[in-house]
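Residue numbers (the working numbering), protein chains in the order written: chain S, 1 to 229; chain G, 1 to 232; chain Z, 1 to 348.
Hints in this document: simulated from the structure, not taken from any laboratory.
Hints may be right or wrong, so weigh each one.
[Said to hold, decoys possible] Derived contacts from chain G toward chain S, CB cut-off under 7 Å, selection only:
hint : residue
1    : 21
2    : 35
3    : 43
4    : 56
5    : 143
6    : 219
7    : 223
Nothing here was measured: the structure is a model prediction, and the numbers come from that model.
In this text, a Cβ means the ideal position worked out from N, Cα and C, and glycines have one as well.
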Amino acid sequence: MSAYKDIAWNGIWKQNTILAQVLGLCPLLAVSSNLVNAVSLGLATIVVMMLSNFAISALRAFIPYEIRIPVFILIIAALVTGIDLAFNAFLHDLYMVLGIFIPLIVTNCIVLARVEAFAAKNGLRAATFDGLMMGVGFVWVIGLLGAVREFVGQGTLFSGIEMIFPQLSGIQILPVEYPGFLIAMLPPGAFFVLGLLIAGRNWLDSRANQRTREQRIHHQADHANSVPA
Amino acid sequence: MSEPIEIAHRESSVLRISVRTAAIMLAFTLVFTALMAGTYRVTEPLVAASALTEKLRLIGEVLPPGHYDNDLMADAITLSPQKALGLNEETRLWRARKGGEPAALVLEAAALDGYSGRISLILAVDVEGHMLAQRVTAHKETPGLGDYIDPKKDRNKTRPWITQFSNLGFDTVPQKKWKVKKDGGRFDQMSGATISARAVTNASGRALAWAVEHRDKLFALPANSRFEESKP
Amino acid sequence: MTRQDRDLLVNNSPYFLQPASVQSVMLRVLVALLPGIAAYVWFFGAAILVQILLASVTALAAEAVMLKLRGKPLMMFLGDGSALVTAWLIALTFPSIAPWWLTVFGTLLAIVVAKHLYGGLGQNPFNPAMVAFALMIVAYPLLMSQWPGVDATDFAGQWEAIFGSRQLDAMTMATPLDALRTVLRDPEQRAVIAGLLGKHATFGNVGGRGWEWIAAGYALGGLYLLQQRIITWHMPVAFLATLFAVSGAFALYEPDRFAGPGFQLFTGGAMLAAFFIVTDPVSGATTPRGKLIFAGAAAVLTWIIRTFGAYPDGIAFAVLLMNIAAPLIDMYTQPPVFGHKDKRGDSP
């Protein structure tokens, strides 16, 4: 059970694909200009990662070591093509927005990295769970990035949700007179916000480290004090 | 004594491994290509339907569905590259009819003198020579400055800039007044971002004039034929 | 330390003629900006003084807060005047009738993000004032291109534009660079650039109306800085000469499409850039040869972005791009240290 806990913690925080490994920046920066686009691409990535981890873990006994990379890519490409076609067929409006970035999931190094580093060496259940958790790590960061950029950029959240659920509509949070901060919606804004998120993660981590260190010192001090002179 | 045999043995095993690996690769390729082909087959009609919906949606923005009752996709002709429309490539022109009578033309045009290059337009011109509406379909204007020509980016949501052309013809706005105010014409522009507005305004004026001039011939051509005439 | 102690100290090279504290350098830079500011007020009204005040107050407040947060001695850094120079450059590069929050926001970004998040004075790889300009013109291109017209110097109106919510259209005018582009893109007008100078409302005798005098004021201040040995000749000369050569060559080649060197040098921020912006000692190159390359390349980029780019004036983008290259330029132009052998040769 604790192995699964490790997998989850790795995916969501410690080995987070974006904040720690800084992988897959191309779709991350291009599609995260609002929350709906970001989460949609994130969910597509989760599905690809789970399916590819599952498929490769299942087939790993049949894949010769020498040709593993082409086979991995082949499997990932087939899965992504399927999802691309499904998006085009069932969520056409969203497909027009995400455009080239769905097929580009193939080249997202996170997918290949997890397949190579984890799925090819682990059992079905653990591999699928790892794909899910790495995907969740991707989706919460890209979602946060999208939310911050959309909020700062135009003062709304969930704009464009009608492309997925026609009965819903975006929320205007700041007054309509808000002049917006266009640069947040443009590619430079993605870099700025991502930089701040990574800085925030490093800050939290270093604070946590310091706290454990202080606790240890306290603990030792307490221990020393309790020893009778 | 045994060396040659061993080499031969090793060679044959290398060969065997290579063949085996190739066969596995081939098998994987076949299986997954088949999977992709299957998905394609299943989704193909849906994808085609989505593409058609998309095209009709775009046309619907400039030509309200109430204006026609024919099958627009079937009643289309091909235009040779029309310099007057700013086009260097073949385009389609759709002919809307109501009760069999000509109602409107839907055509594409382009302005080549935008701030950052080409601005693509789609517009509908009714049989009286009025522009029903026009929309920008592709542009590279500066974000936040010239991109108000696209109603999705226009901050004025109640009355976007591009809607001021709706239902105007040369009878209401004389052709020489079909310009932005800065050039002495009728149409507003955003101060500080005149170039984009001027490019769209001038291109739409040229397209309207072209549509009015060739209207009868365009309606008379059989469906799916080709319109060749190109005036310099 | 006492005076005697200081006299006994032996500094490492390079030796300056007079040891100049940051404070006195910054003070003289501010003085050098005054002629340009005077011309600005003369032609475009007193709004620019309001903007300078806004930017200065914001910069000092932001500087104080950041120093406190970073646990640095407040008075020592706050008094050095570098924040004020940044603030003045922001005010001078932003439109003088920009709404107050645009200037305040831009200054905050310059001091908080471009300066202190990168480690404070001496550590910032990018020129803070240019970061503010680039961010704001990308974020608010429309507001950043609302410039006051010549003779629209009515102060009450300008005050209203800065602090009120009045529609600006009546008093604004495109900058000469923008106007030139608008004219050149007009297929029907087919204007000849030479014919515009002196006739069109926006254009003066050489560059933009009014702007050419402001540019002359900056040049005067720049000469003072040279005389005071606060800047060396390399950067201004390389910047202006390159801009002159590039624009001159293209204007000779096709005078109807490209503005000549006089126009390029005397409009927009060319003079300000040559003497006050590319010369920033922190974010630019530092070796003599490096300075020539840095400023020359910045001039080429300025011309390219002005002529073909999506935003009117290219100086901010050009300077920021060259800031990125500055460490590399320094590395490859390090003068050989005396006594060291040439890397390639065996003999000294």
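Problem set entry | Hint numbers contradicted by this structure | 4, 6, 7
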